[in-house]
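Protein chains: 2
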Amino acid sequence: MKFTVISCCCVITRLILFHSCIDICRTLSLVLVISWVSGGFRYFNSVLMSGPSSLSLRSHTCGELRSHHLGDKVTLCGWVQYLRNLKNKKSRYISARHLKAALCDLTAESVIKVTGTVRRRPVGQENKGMPTGEIEVLAEDVEVFNVCRQLPFEIKDFIRKSESLRMQYRYLDLRSSQMQKNLRLRSKLVMKMREYLCNVHGFVDVETPTLFKRTPGGAKEFVVPSREPGRFYSLPQSPQQFKQLLMVAGIDRYFQIARCYRDEGSKPDRQPEFTQVDMEMSFVDQAGIMSLVEGLLQYAWPAENGSLKVPFQTMTYEEAMRDYGVDKPDTRFSMKLVDISEVLLSSEIEFLQSAVSQPGGSIQALNVPRGAVRKETFPVKLLSVSATEELLKRTGAKPGDLLLITAGPLHTRPLLGSLRLQCAQLLESCGISLRNPSAFHFLWVVDFPLFLPKEDEPGQLESAHHPFTAPLPEDKQLLYTEPHKVRGQHFDLILNGCEIGGGSIRIHKASEQLHVLKNILKEDPSLLSHLLEALDSGAPPHGGIALGLDRLVSIIVRASSIRDVIAFPKSFRGHDLMSRAPDLVSDEELKSYHISVRWPTEEGEMK
Amino acid sequence: MKFTVISCCCVITRLILFHSCIDICRTLSLVLVISWVSGGFRYFNSVLMSGPSSLSLRSHTCGELRSHHLGDKVTLCGWVQYLRNLKNKKSRYISARHLKAALCDLTAESVIKVTGTVRRRPVGQENKGMPTGEIEVLAEDVEVFNVCRQLPFEIKDFIRKSESLRMQYRYLDLRSSQMQKNLRLRSKLVMKMREYLCNVHGFVDVETPTLFKRTPGGAKEFVVPSREPGRFYSLPQSPQQFKQLLMVAGIDRYFQIARCYRDEGSKPDRQPEFTQVDMEMSFVDQAGIMSLVEGLLQYAWPAENGSLKVPFQTMTYEEAMRDYGVDKPDTRFSMKLVDISEVLLSSEIEFLQSAVSQPGGSIQALNVPRGAVRKETFPVKLLSVSATEELLKRTGAKPGDLLLITAGPLHTRPLLGSLRLQCAQLLESCGISLRNPSAFHFLWVVDFPLFLPKEDEPGQLESAHHPFTAPLPEDKQLLYTEPHKVRGQHFDLILNGCEIGGGSIRIHKASEQLHVLKNILKEDPSLLSHLLEALDSGAPPHGGIALGLDRLVSIIVRASSIRDVIAFPKSFRGHDLMSRAPDLVSDEELKSYHISVRWPTEEGEMK
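In the order they appear, the protein sequences are chains A and B. Per UniProt numbering, residue 1 is the first one in the first sequence, and the count goes up by one each step. Per UniProt numbering, residue 1 is the first one in the second sequence, and the count goes up by one each step.
In case anyone wonders, no lab produced these hints; they're calculated from the structure. Take the hints with a grain of salt, since some may be wrong.
Which copy? The list can't say, so a pair holds if one copy fits it or any two copies do.
Stated by the list, open to error - Cut-off 20 Å, straight-line C-alpha distance, at most; resulting in silico cross-link-like pairs (EDC-like, lysine to aspartate or glutamate):
| hint | residue 1 | residue 2 |
| --- | --- | --- |
| 1 | K156 | E588 |
| 2 | K73 | E474 |
| 3 | K220 | E589 |
| 4 | K188 | E264 |
| 5 | K485 | D173 |
| 6 | K398 | E195 |
| 7 | K381 | D327 |
| 8 | K328 | E294 |
| 9 | K73 | E228 |
| 10 | K509 | E143 |
| 11 | K161 | E533 |
| 12 | K220 | D524 |
| 13 | K591 | E228 |
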């Protein structure tokens, strides 16, 4: 009888249990041989005071044993990963007959403890491809902690499972080496971030409440009924107000890995709770916060991904919209938008001319290299030779490229911007390499407009980000004359075309904040009276940023969804498929919260 | 014109602004003199890459300047702490007339920036009692960032404020040196804990959901309506289920500084949200977890409180109840309960005899040293001389002591236990020193009963802690025969008589867990079917503990309430007095959650 133990990642111990020794050297990292040593069972209690096996029933994790452990008595604990019974094969080891009864019921994923001695693998059975491939363990005792029932799926990375099955049995799904890696990397990344903020820069980790008051326009905030009739707490979307109040309170440098909540309603792929790396500083300017974040990411960046170069590239909102048609450009590839209004203005194509003559109208081109099916000369018959030449020159288009052209008002650029990304995907799906999959392109986008016209009421302005952002110093006077022209001290951090953070310098004068709320945004300032009072109570200049931790980690580990970097995420529809939350609650239980359910009637009305 | 800058704690900079130089040396740590230097304003942007002034508009915090900074050009930012205008005094410094206009409107707590040069204080004006007392700053420029309005109270530690005023203006209250110290100590303590768990012992920081499913008997769980009619999330009281599931998932060592929620209804001094240091380990026994926690506290313990001695004292539940009448004894003083049943059994006092003859009946004594008003001989006339002598001998009572005696069934001991604490308070309020106010007595209480009779239904058992606690190995068989006799592998951590943590080894076999839920607790196991399934899927032996962080920090900083170690706590009644949460929410907004408010009618009924 022969046992084999492997480790599938650095800490979790996974065992492969063979009743014979076939194939051992080919696939496994550590061979463990059971034999009965008289004197029997010795309970091993590690007294190590640090490391992954400190204070544990095991002496080592499987994956850490090496040649220098030869002769050591070790105790290993873990899961049986493979189990094969080849009864007819003879073993060169003493068979531990009395253990057979206990072990013959074993199933894969059962949990056992094995005590034995590390020795060199027999000649010819070494596995040079594995760090533990030179040794095996002569086992003296095995204890079965728990026998595993038949599982809904095998714990093998190559086994494909549906998303819903993974979610329903998340505790099994998390045993996969990829999910283990994701969660462990996330933990380490956050730890390094904390070290940087606390130990390097003197930040104070402050916990802010999640049972708070509804904020103005907080349509996406979950409500929590209290035991006072009609009164509700709200789960905030961010600690924005609290972190500003902490600056007024003299905390000077605040950070928090903050749980935030957003009720996206019927939007798919939503996570109702998510995590932000939330920071705020007093007596700082925009450059200071940008440097802080660059230093933070550089310090915490996982070594296996290489080192980060700082400072990151910076681009204005204006440039981003002009060149990429989007405020979060993916700069891993070029394919910039080109304004060709001038070139085509002289053409006699009527719809182009009318597009350009509109206010803000322009003609934009996007060259998709190798995007055309057939390689042929540029077939634009409507243009003059000189205009065609000028067009090819400006866009850099070559035979075989595809040239996409839009004409119309300003908002045609976002359309072309989104076409740019779709073309990139299409090209890559055809095997044309465009973006380096292991590249991390960080980018700051700055000088955003402070206000944008409301979508449903364009005569009215709304905050481009939030109402607390300060204007650029040089635009400050425009607040009182032409607010739509004001640029804000807001800056977004983009990684590979995803927004992973947004920060700003805040308004620290009550009169300015009141003007923005009341006169520009037409909001009821009484809902923020505590913040306005605070700004009038000695508020320092301050600013901060929040990074989306889930998104950041998912890009680092190249996960397709943030669900792959969250231990227990909700499904597309906001359900916990394992515990079946949200769940029905009895009328009786709701009574103490003074609420009752309005069941939809057949007509779709509420009772 | 003269300015004085002091620092009231190590990081936050607070300024004292004098228009004259009276008294400067007596009270202040750092003298700052404004004078106009031609060439004027220089914008200082620190390029320091670490420390409390990195990336900041200031070059130093006020409190860090020393003699070795002499001659340095510094920029300081902060709050004006005192401001006196003694116009008739002549200054020996050049008066900065053109600054007067800007500065004459200044109020206390306004925010300014001062740039100047560090120099030695004039002879005779040094303050040896302050670390910054040898130097002053010759100021060259002042910028006013924000003028402070009239405040509801002065920011001085000696100003008494009502609790509700403090809560309403929490951002001002937090500027006090005590609250600054509390929040900064809490942040540092947590950081050290993380270092110990992550870096020393290889724990993985995993975030678990707070939008979860209602747990069986979860009467204290807030509900959160979802957008599906009748379906609610619940805010969990602890991540108990998730941390066990993470062990099944092979995470091996989990920790989280976890936000937890408990709706205590009308109970006063409740915090609806609080924080736990939550840990769980696989392949560990009770001793392992206790060592882990001892090491954790020793590592993270604030240096200013001396070092912690480990291991902590351990006591069984039985001993604690016997000697102290409570399961969380305050061991900073003796005054133990003494069983004197034997002594008084032979007396002819009828009610004593009948008390002892009851099942579990006993007579208990508590000696309160110096508790009697008059020093006289022990006046127990009903007892024989020999019984009196025996009584005095066993209780150690001396003239002037007070002897409290209870007779009755077992539960009279808790009464005496609570009398013990009240007597200690009374003695201390009379100036009799009993407990060292700077002592920290940690104590483990172990071997708790696994089940207790339900209060309202004594024939029925309920979990003493929670249904997942494993029995002591030697009591395991009693689970199936005499469950009320089973002791659990549960252990509480007590600090100065407060429970600050509770941990246990968990049941890791599904059949055992099912037996406890179904046959002993008579609960519906289907509500925990996901956990039972998980235990059957290769659950390792595991255990863990949760420490109450708010309580622990409040004891360390000797705060009278946990509200003093939470940045934005709720009031006694669960209100946020600053923002006025919980708040009314419109019917319209509640519609999307399919709930409506049941307003109480005049008769106290719900509509």
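For each hint, the structure was consulted:
| no. | hint | verdict |
| --- | --- | --- |
| 1 | K156 to E588 | neither (46 Å within a copy, 50 Å between copies) |
| 2 | K73 to E474 | neither (72 Å within a copy, 28 Å between copies) |
| 3 | K220 to E589 | between (25 Å within a copy, 10 Å between copies) |
| 4 | K188 to E264 | neither (30 Å within a copy, 36 Å between copies) |
| 5 | K485 to D173 | neither (51 Å within a copy, 39 Å between copies) |
| 6 | K398 to E195 | neither (51 Å within a copy, 57 Å between copies) |
| 7 | K381 to D327 | neither (34 Å within a copy, 92 Å between copies) |
| 8 | K328 to E294 | within (18 Å within a copy, 49 Å between copies) |
| 9 | K73 to E228 | neither (63 Å within a copy, 58 Å between copies) |
| 10 | K509 to E143 | between (68 Å within a copy, 15 Å between copies) |
| 11 | K161 to E533 | between (55 Å within a copy, 18 Å between copies) |
| 12 | K220 to D524 | within (18 Å within a copy, 35 Å between copies) |
| 13 | K591 to E228 | both (11 Å within a copy, 19 Å between copies) |
Taken one by one, the earlier hints fail for this structure at numbers 1, 2, 4, 5, 6, 7 and 9, listed in ascending order.
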